[in-house]
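J.: Chain by chain, the residues run as shown.
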Amino acid sequence: MTSTATLDASSDILPAGQITFFQAVLPPVQAGDYTLLAMQRPTDAHAAELARYEVAQQLRVDGPRYTLPPDLVQLVYPPANHQGDFGTSFPHVVLSSPDLPWVRDIAPVSPPAPAPAHTPWLALLTVYVATEGELVTRPTRMTVGDVLTPGAGVVGPDLGAATAGDPLQTGQPCLAVDIDGALFAAIAPRLDELQYLAHARQVSTADKETGGGVQAGFYSVVVGNRLADSAAGAARDSLVLLVSLEGHAAHLPDQGGPPANTKVRLFAMASWSFTTGAFPGDFIDLMQAVGVDRAQVPHRDLPATTAAQQQVRMALDIGYVPLTDETRSGERSTAWYRSPLAAYATTRDLHGPYPTSDSAMRYDPGVGVFDHSYAAAWQVGRQLALSDASFTRTMIAWRRQAYAAAADAGSDALLTARLPAPAATLAFDAAPPRSRGEQQHAHLQSVLRAQLGPLTRAGGDLPTVTPRRRRLDPRRQPGVLSQQSLEQARQDGEDLVHTIVAHVHKDRR
Amino acid sequence: MQSWKPRQTHLTGLVQAAAAAAAPRPAATSFAATAATATTAARAAPQPPPLPTTAATWLAQLRLLYGVPIEYLVPDWRMLPAESVRFFFLDRNFTDRLVDGALSIGVHGTRDALQNAAAAAAVRAQVDAAETCVRDALRAATSTDPAALGATAAGFVMRSLVVSGWPGLEVRGSNAGQPLPLLRMDRLAPDILLVLFAGVPDAVNIMEPPEGLHFGVRKDSADAPTGYTFLRGLGHNGQAAGKQLPGTPRQTVPFRAGGRSGVVDVRTLVEGATSPAFVGMRATLKSLGALDGQDTFTSAELAIEMVRSAGLQAFLPTGAK
Numbered sequence: 000m001t002s003t004a005t006l007d008a009s010s011d012i013l014p015a016g017q018i019t020f021f022q023a024v025l026p027p028v029q030a031g032d033y034t035l036l037a038m039q040r041p042t043d044a045h046a047a048e049l050a051r052y053e054v055a056q057q058l059r060v061d062g063p064r065y066t067l068p069p070d071l072v073q074l075v076y077p078p079a080n081h082q083g084d085f086g087t088s089f090p091h092v093v094l095s096s097p098d099l100p101w102v103r104d105i106a107p108v109s110p111p112a113p114a115p116a117h118t119p120w121l122a123l124l125t126v127y128v129a130t131e132g133e134l135v136t137r138p139t140r141m142t143v144g145d146v147l148t149p150g151a152g153v154v155g156p157d158l159g160a161a162t163a164g165d166p167l168q169t170g171q172p173c174l175a176v177d178i179d180g181a182l183f184a185a186i187a188p189r190l191d192e193l194q195y196l197a198h199a200r201q202v203s204t205a206d207k208e209t210g211g212g213v214q215a216g217f218y219s220v221v222v223g224n225r226l227a228d229s230a231a232g233a234a235r236d237s238l239v240l241l242v243s244l245e246g247h248a249a250h251l252p253d254q255g256g257p258p259a260n261t262k263v264r265l266f267a268m269a270s271w272s273f274t275t276g277a278f279p280g281d282f283i284d285l286m287q288a289v290g291v292d293r294a295q296v297p298h299r300d301l302p303a304t305t306a307a308q309q310q311v312r313m314a315l316d317i318g319y320v321p322l323t324d325e326t327r328s329g330e331r332s333t334a335w336y337r338s339p340l341a342a343y344a345t346t347r348d349l350h351g352p353y354p355t356s357d358s359a360m361r362y363d364p365g366v367g368v369f370d371h372s373y374a375a376a377w378q379v380g381r382q383l384a385l386s387d388a389s390f391t392r393t394m395i396a397w398r399r400q401a402y403a404a405a406a407d408a409g410s411d412a413l414l415t416a417r418l419p420a421p422a423a424t425l426a427f428d429a430a431p432p433r434s435r436g437e438q439q440h441a442h443l444q445s446v447l448r449a450q451l452g453p454l455t456r457a458g459g460d461l462p463t464v465t466p467r468r469r470r471l472d473p474r475r476q477p478g479v480l481s482q483q484s485l486e487q488a489r490q491d492g493e494d495l496v497h498t499i500v501a502h503v504h505k506d507r508r
Numbered sequence: 000m001q002s003w004k005p006r007q008t009h010l011t012g013l014v015q016a017a018a019a020a021a022a023p024r025p026a027a028t029s030f031a032a033t034a035a036t037a038t039t040a041a042r043a044a045p046q047p048p049p050l051p052t053t054a055a056t057w058l059a060q061l062r063l064l065y066g067v068p069i070e071y072l073v074p075d076w077r078m079l080p081a082e083s084v085r086f087f088f089l090d091r092n093f094t095d096r097l098v099d100g101a102l103s104i105g106v107h108g109t110r111d112a113l114q115n116a117a118a119a120a121a122v123r124a125q126v127d128a129a130e131t132c133v134r135d136a137l138r139a140a141t142s143t144d145p146a147a148l149g150a151t152a153a154g155f156v157m158r159s160l161v162v163s164g165w166p167g168l169e170v171r172g173s174n175a176g177q178p179l180p181l182l183r184m185d186r187l188a189p190d191i192l193l194v195l196f197a198g199v200p201d202a203v204n205i206m207e208p209p210e211g212l213h214f215g216v217r218k219d220s221a222d223a224p225t226g227y228t229f230l231r232g233l234g235h236n237g238q239a240a241g242k243q244l245p246g247t248p249r250q251t252v253p254f255r256a257g258g259r260s261g262v263v264d265v266r267t268l269v270e271g272a273t274s275p276a277f278v279g280m281r282a283t284l285k286s287l288g289a290l291d292g293q294d295t296f297t298s299a300e301l302a303i304e305m306v307r308s309a310g311l312q313a314f315l316p317t318g319a320k
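Residue numbers (numbering that gives the first Met the number 0), protein chains in the order written: chain A, 0 to 508; chain B, 0 to 320.
Heads up, some of the hints might be wrong.
[What the hints assert, rightly or not] Quick list of the computed label-pair ranges, beta carbon to beta carbon:
(1) B:173 with A:171: 45 to 53 Å
(2) B:288 with A:66: 32 to 40 Å
(3) A:365 with B:188: 37 to 45 Å
Rather than coming from a laboratory, the hints here were simulated on the basis of the structure.
Computed from a prediction, not measured in an experiment: that's the story for all the values here.
We put the beta carbon where it would ideally sit given N, CA and C, even for glycine.
Please build the complete structure, drawing on both the sequences and the hints.
T.: Rendered as structure tokens:
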């Protein structure tokens with residue numbers, strides 16, 4: 000509907016069931032070699048011409064050119080190696096990059112005629128294997144250099160002398176095919192047809208499988224111009240090649256075609272084959288052949304005459320599977336197992352958590368058979384948790400956090416139980432966000448205030464206590480003379496230094 | 000841990016405190032007067048710390064059977080033969096036991112076990128909520144509807160060539176006409192698809208992926224020299240985009256002359272030709288008033304005219320017997 004769209008990461012998510020078609024999705028910059036040129040031209044009204052400053056920077060915008068990363072191919076139709084009634088379908092390939100068909104110019108050097116706007120560089124060629132199989136080689140491993148300079152009788156793409164002479168590029172491995180020139184001219188699209196053979200689609204991903212990574216739902220589609228090979232009453236194979244036409248513009252049918260009696264060598268970006276015949280192979284054909292049932296082992300043909308048979312049938316019907324049970328004591332017996340994909344709805348029991356897997360085992364004393372489903376589930380959950388180190392760390396840290404919170408609560412409770420806060424105290428600490436330690440401290444303070452305040456106000460001498468660490472103990476300070484011995488020494492006319500030394504050594508004598 | 004009361008009493012107290020955490024606890028009488036002590040009272044029954052989000056998501060993925068080996072899901076291959084669809088209800092007991100097993104790591108004694116027991120209800124509620132976000136988080140989309148938490152989930156496994164041949168196929172489940180959100184949709188193997196709905200669907204539609212809709216032509220007979228296609232509206236002049244135009248106008252699809260059959264003459268198909276006279280798609284659509292004011296006709300318009308409609312297979316699982 001919309002003709003052209005540039006890549007916009009914030010594009011709206013479509014409602015489910017709608018498709019938007021785009022003529023082309025143009026990259027901000029096409030792939031290729033660029034020169035970034037910066038120039039400054041200072042002027043001075045009083046001086047003559049001043050020197051210019053110039054700097055040039057080579058830069059290359061890269062992108063898939065000779066091979067495609069396999070994850071770019073989202074889907075091919077008809078599906079690879081499938082058989083079906085594809086005779087009225089055109090093959091196509093869905094690429095998960097929305098702008099890939101337009102990232103390169105089809106004629107990087109000297110275009111024979113200007114290509115129409117939005118001409119893609121990728122195209123699909125459909126080869127009828129039965130009649131044309133001999134004229135096309137299967138994709139073969141080569142180097143880029145082999146394709147660019149293929150030798151006599153074969154023409155390769157013209158990507159310019161710079162590329163052909165760049166050993167970094169010509170050494171790269173790639174897949175390539177040789178196709179007969181006349182066949183190429185007959186089945187390749189014309190230069191002015193290519194613009195109609197690629198478009199982009201945007202769809203909603205709400206109903207799709209999750210897959211890897213983020214899904215934008217934005218795809219490009221390259222469509223073939225040739226129907227699949229079909230013949231009444233016979234199965235026919237078709238080979239589809241996704242090829243790069245970059246540098247091949249001059250070989251397209253309306254541009255003169257390849258020189259007579261030559262082959263054309265093309266980069267094969269992807270290829271697949273499928274078989275057309277009177278087989279049910281369509282989406283709807285396949286879906287209608289699908290058998291629908293509940294998740295259970297086939298059991299409806301089993302006899303159900305005895306009570307035991309009836310019981311087994313019922314167990315199979317609700318999704319149980321009999322498996323061999325090797326008990327710890329070494330016995331071998333049969334136990335039931337049912338997967339989480341149950342055939343009938345179950346009621347959620349909220350008795351958990353089960354501390355061990357054995358506690359989740361179930362036993363039917365009537366028939367003496369174990370049901371190990373939930374015990375197995377317990378073990379799977381434990382194994383998966385043990386295999387994930389970061390989950391294990393998170394769980395242990397979480398539990399530790401809970402213990403710390405409980406310990407805090409316990410010490411708070413103890414404090415307030417032993418020292419009940421007085422009624423009607425204090426708004427002296429209005430600052431609300433405080434640490435636990437501060438809060439306990441404040442609590443203690445308010446208790447003390449309430450208890451001791453009245454005593455202080457009543458006056459009188461309160462006995463004071465000097466903490467032991469602040470008390471002066473002369474015995475522990477041998478270098479200090481008491482007032483009394485100082486007076487004595489002065490009276491006796493003794494040398495004070497001698498007195499101190501004698502005092503220090505008194506105990507040692 | 001402080002040791003001023005018997006260990007077992009303390010642990011029992013822990014469980015009770017956690018259980019009572021939800022209910023507002025009456026303030027102790029001696030505290031009633033003061034704001035400062037009221038906060039202390041609130042702390043006396045602490046909220047157990049909630050499970051970190053990463054852990055809740057991990058457990059939710061486990062519940063949706065991420066990582067569970069396929070042998071545990073399909074214990075017997077006769078349950079899932081080639082070309083089959085098997086509908087199921089997710090056994091919540093099984094998935095809860097998976098979570099119990101995962102929580103059992105690092106349990107060294109009664110304290111850890113009791114902590115697990117005390118937190119079980121909160122963990123279950125948290126993982127119920129996280130379950131609905133797993134798929135959205137993986138798709139980097141915003142959550143659509145965190146509707147029925149922990150409700151019965153159901154789904155199907157499909158093993159078919161369709162799964163491998165049509166990657167990106169779409170699944171829509173509904174109950175009484177209300178679409179059900181998908182909890183999980185993943186391929187377990189190249190040809191096995193697991194789909195889980197948040198709810199029990201009474202109708203399931205499996206659709207060909209729209210990005211894979213193919214181009215095709217109609218033929219009156221298998222060896223007819225030309226094909227044709229019915230023309231669709233393009234969203235201009237009141238014609239709904241993608242809907243067939245009134246009067247079912249046909250457009251002949253010409254093929255290139257020459258020895259190689261089946262090659263469409265795209266240029267003539269679009270632009271027409273003078274000799275032999277052929278009316279191209281652009282001119283036909285213009286005469287039908289389907290083009291916009293600038294007569295825009297590009298690969299996007301051609302795609303709308305040429306795609307074949309999507310295949311859709313409907314299942315009504317309640318009817319399955």
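J.: If you check each hint against the structure, which ones fail?
T.: As far as the earlier hints go, only 2 is violated by this structure.
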